[in-house]
Each structure stands twice: as C-alpha cells, then as structure tokens.
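Residues per chain, in single letters:
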Amino acid sequence: MVDVAVIGAGQTKYGNHHLGLKGMWAEAAENAFSSVDKDFDPRQVDEAFIGSVAFGGAQLGNTAALLTEHSGLDGIPVRRVENACASSGFALRDAWMAIKSGQADIVVAGGIEKMNDLSAERKRFWLGVSGDTEWERLAGLTFPGTYALMARRHFHEHQSSHDDLVHISVKNHMHGFENQHAHIRKQVSFEKAASGFMVADPLTLYDCCPTSDGASCVILAADHVVQRYTDDPVWIRASGAASDRLALHDRPSITQLVATQKASQIAYSAAGITSDDVDLAEVHDCFTVAELMATEDLGFAQQGKGGIFSREGRGILNQGSVCINPSGGLKSKGHPLGATGTGQAVEVFKQLRGTVEQSRQVRDAEIGLTHNVGGSGATCAVHIFGRDKNE
Amino acid sequence: MSETLLWKGYLIADNGESLFIQSPYMLNEKIVYGSDSDETTMAIAAIQFWKQTGRTLDSVHLPSSVDASTLFLATGVDSILRNDDLNFDDIKWNILSGEEATLVLASTDAQNFEFESPENVELIDEQFYNDICEAWDKECAESHVSQGAYVSKSQYLEGARARLSLSSQKLGDGLIWPPRQLDSSGQRIPTESHSLTGVASIESWTKLSAAGAPSEFSLRAPILGGVQTLLVRFEQGPRGVFLVCDDVDYSPQIGDVVEFSVRRIYGQEGIIRYGLKALPK
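Protein chains in written order, with the numbering used here: chain H, 1 to 391; chain S, 1 to 281.
The shape of chain H in the complex, shown without the other chains (with noise of 0.2 angstroms):
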C-alpha cells in the first residue's frame, strides 16, 4: 500500500490574532506552501480536509469552500471536518486515508478557530458545546468542570495530587516560552502556578488553557510524487482513532481515555513501535490533568504512575526519553480548537526536520507522535510520524 509523507506544514501564531478567518487560513496555507523544499503549486492539490469547530457560529456551513478559494485551492473537492478539538486531527487522518486509498496523490489537511473576537456572553454559549448537553451542561458543567472531576478522581484512586499537574504547568510553560508561533509565552514559577485563581476546583487557571485564534496547515503526498517535492520528507507512519462515550458518567472509569488507549494501540501497532521508541510527543494538553492522563493512556507511565512522571520531570525537553509537549502544548502554545491537531503535527514535522527554535530542539528526534482529542475523550486521533517509513 502506498505510504504518505508530509512535505510541507505550516502555521500561524497562535493567540488574540488580528486577522479574521480567511486571513488566517491564507497565512497558514502561504507557510505550509513555502515549507516545500522544492517547486510547489496549490493546484496539484487533488482534496482538501480542514478541522473546525465553526466557534461562535462563523461559516458554519461550507466553511472549507470559503477558505479554500482564499488559498489558491479552487475547485477541487473540499470539506470541512467537526469532531470538536480533534477536528484537524480527523482532518490528518482522512486526507492520509485519501491518499492511502489511492484516489489522490497530493492532499492538503489543517484547521482553523477563530474564538477572540466574541462578546463574551456568546463565547460562554460556546465553551463546553462539544460535551453531552442534554445531561452535562444541564449539570453545570463545561469542560473545566468535566476535567476537574477526573482530576479528583485520579487524587483519589492513585494518591496523585494538585503538585503533579502544577508540575505539568511549569513545564509547559518553560516549552512555550521558546515557540515564537506560542500564544502564551511566559514562564511560571511553581508557586504561582500552585497558587492561580480556583476556576473548578481542583482546576486552577494555570491548569487550563488559553482560547486562541490560530490556524495550522500540513501537506501530504504520496510516496510516488514525494521526490518531486523534498528530499527530506517526514513519514506518517500510522494513523489510529476511536472514539468512546460522550458523557463521563457513561464510561466504566473516568481516570483514563479509553478512545486514546485504542487510537495508541492501533497506531503503535500499525507503525510497529511502542511508546519506549518514541522521542517527542505533542499531547492534548486542554488541561493538566489531561496530559497526565494521557502519559498513562499513550504508554509513557504506567495506569496510575502518571503523577510520578510529572514529579521526576519526565517529560521536560532532553531530559527524559520522551520530550511531552515541546511546542508548549495546548497550555503554553495555545488551544485554537479546530487547527489544534494538524498544529501538533506543524510541530512534529519541524522537529524531525530540525527546523524548531533550537533552544526547543529535541535532540536526535526520529519518532514523534500527535495525540488530539475530541471535547472529554469521545474522540481521539493519535498520529505517529517518522525520518524514516515503516519497514
């Protein structure tokens, strides 16, 4: 079966942006053409897949149409993917099954939000629309409230603590600050972090991430055109999903995401590593408590350890044997939900290149995977890239 590279990727910052939706689309897709090492045209893209939310209700319908006549992509077949904030990372793995498929060579993936330009009452309808209205909202809860009953619970059942997740903070920060494209570029001391404004307790503000503009763009090709374009391409070299109960009270346990266990498996699996081969990895970071979880769920910790990962520093730059979140995450680099995904994989990209800061540079990054979740863990892509193709 034909394997697929990215040959391009590009974004734009993220953050409060001052430029409206097709703007920020044109930004992205200019950096994600420009990124080609070779001649690059938009019109031998044959598809397009582009991940958002529609936030605040803009362009909900057609809304790829709309920015892909502002990107030079006229004409061929597009549509826009929603699965809350993993929309772009649904987006990656259907322009990677397009090509898989062979009914395309070269497809482009990426996403979009625009989530700053709101009165604040209409963001507040906004926040949380992508949890289970008819029983969580009705209960109170958005998505702050959502993962600070997972976080009690992890204190609970593995003797975790506020500490670990404030450790998570630091550390994503100290990442971020380094990322000219984060949203939040500024450093915390642990005890400001441990000591932020109670959003839903145990959740601090320094446990939950920004709302961001930001739109993110990558390039996928086939591998028989791939030479046409650069000679250093970045692999995809599996693609797994899944999804699990949209409401928290509907799943056996609400400690670990049962969809990002699935979506690892398979994609360790495909690519025919395990989570000890892989060198960076851009997890979904909407909360601390979330990529604490997820170092458990994608296999860096063991069920429960993830507290002591954070504790020993595990996941800090160099320092460990996996770098979680070098780009800052979700937390540092922002959360602009639709283009969150195919950013993840904007970053991966450049760290296998060595193309990043070099002050954020992962040192001698072969394997790097993206872990891009939907609302509480209804959904969830997970995406592992490689110098080199599956063998």
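Read the hints as simulated data drawn from the structure, not as lab findings.
This one's a predicted model, so the numbers in the text were calculated from it and none came from an experiment.
Yeah, the Cβ is synthetic: ideal placement off N, Cα and C, and Gly gets one too.
Hints may contain errors.
[As the list claims (entries may be wrong)] With a straight-line cut-off of 27 angstroms between C-alpha atoms, the simulated DSS-like cross-links for lysine-lysine are: (1) H:K123 <-> S:K153; (2) S:K138 <-> H:K123; (3) H:K22 <-> H:K123.
[Claimed, not checked] Residues on chain S that point at chain H, a partial pick, calculated with CB under 7 angstroms: (4) P178; (5) P179; (6) S201; (7) S204; (8) P214; (9) S218; (10) I223; (11) V227; (12) T229; (13) G240; (14) V241; (15) F242; (16) L243.
Here the structure of chain H is known, so what remains is to put chain S in place on it, guided by the hints.
Then chain S, alone, in the frame of chain H:
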C-alpha cells in the same frame, strides 16, 4: 396536630388526613422559596412524601402555577390541567397554594387542616433573595435565547421521565440510566421500567467559578458564587452528574451518600427546565 419533618429540603407536617409543606426559608417574617424551588418542585415533594408512606393518589387538582406535565413525569400523578379526560368529579385530591411558599395536599373531603408551625426555619439574605428572583425573571423570559449549546424541547422531553423520576432501562442483569437507544448488537433497549432507588454515593465533585459555568447559568452563577456539580454512582450501578439542592455551599467528600429532589435547573425561551438535584443525606 403533627410533628414537622425535613423532606427533600422542605418542611412537612402530616396529620394523616392532609399534608402541609413549606419552604425552609424566611424573609421579613414571610416564608419564601429557596434559590431553585417553586410551587411545582414543592408539590412534587408533597406527593412523593404522601406516596412513600403507602397511601395512594392517582390524580390531583393543581393550582395553575404548578407545571402539571413535570409533576406527572416526576410522580405519575395526573391532573385535570394536563389531562382533558379528567373532570372535577373524579378528583379526590387538591393541592392548595398558600400566599407564602406553602402548599397543602388534602383530599376533597378533608376536615382537618391543623398543623404545628414548623420550626428550624432559616433566614435568607434579602439581597441574595432579590437578586436570585430577578435573575430567574430574566432567565425565564421568552427573549432569553440560546446562542450555542441548546437542549430542544423535544430532546428535553425525550429524557424527562428519566431525569425527573430516575426511571431506568433494564438490560440483562443491569440497569441503564440515563436512557439509551440501541444496544451494541443493534437491538432497541426496552423503555424505562425500573426506578433507581434514589440513593447514591459521590465519586467526584467540582465547583465551577461563575466565569467557568455554562451560559445557561450565567445570570445566577455570580450570585451563587459558582456552580457545584457532583458525579455520583447509584446503588444499582448507573452514574450521573447533578447540581446541589438550594445551590448551597456544601463541602462534599468522595463516598458521601446523597439523595435527590426535583428542582429548577434553568430557564430558557420561556420554559423552565426541571431536574433532580442532590441533597446530602
């Protein structure tokens, strides 16, 4: 004469022939409703008390301020307001509304309406009470519309019986709540037929700051100092998430046992959504 009992967050006096129920809150020497109660929620509590003592009650005449559909879904008791086929002659029971936050449940031929004045009434802060009432007025206005997440009337009604009476579905040896449609073999799961006992233990909890609360609660959350949610497991296995009755600042512990009472959840586009809230046992 009769002793006063605390029942589902209300004070009840039962003389055997009729039942007096009132809110436990007082302001300026008047009995007033708490932050999430009204005549509907208190009428439901009165009927539930009556039925749990083994006495039957099939239909009742209600004051117009009581939401008859919600009362029926929560208790199974019909009313002429809800059912065109019922006529006054069939009605053996009345719920009578007082001027303050009080109700009487009595048979149509009841003679005895004497009750002890309840003790343990709690004074409510005047500013808090006025702010909450004003917030509810705004929230229940038809102009108060949703801009994002939205539970439609049909979706709400689809789950209302389970929401209000803890009615669950039986599948194999287990019970399912909240209701589901098809099982993993593609077969339709039978409709709700078994009620959960209404006793559960806390597995986790959180308190959201007012800023982090869903927009449906945005008018009241700042007054209440946030929104508290409990994740609980019922004795029969299913789990659920619930707000806390009267929006009290309760300090839960994992393992605490709670029971439930029907209360107001939120209002939107002229409709009040009712549901169960947890009450420390």
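Each hint, compared with the structure:
no. : hint              : result
1   : H:K123 <-> S:K153 : holds, 23 angstroms
2   : S:K138 <-> H:K123 : holds, 20 angstroms
3   : H:K22 <-> H:K123  : holds, 20 angstroms
4   : P178              : holds, 6 angstroms
5   : P179              : violated, 10 angstroms
6   : S201              : violated, 12 angstroms
7   : S204              : holds, 4 angstroms
8   : P214              : holds, 5 angstroms
9   : S218              : holds, 6 angstroms
10  : I223              : violated, 14 angstroms
11  : V227              : holds, 4 angstroms
12  : T229              : holds, 5 angstroms
13  : G240              : holds, 5 angstroms
14  : V241              : holds, 4 angstroms
15  : F242              : holds, 6 angstroms
16  : L243              : holds, 5 angstroms
Against the hints set out earlier in the document, violations occur for numbers 5, 6, 10.
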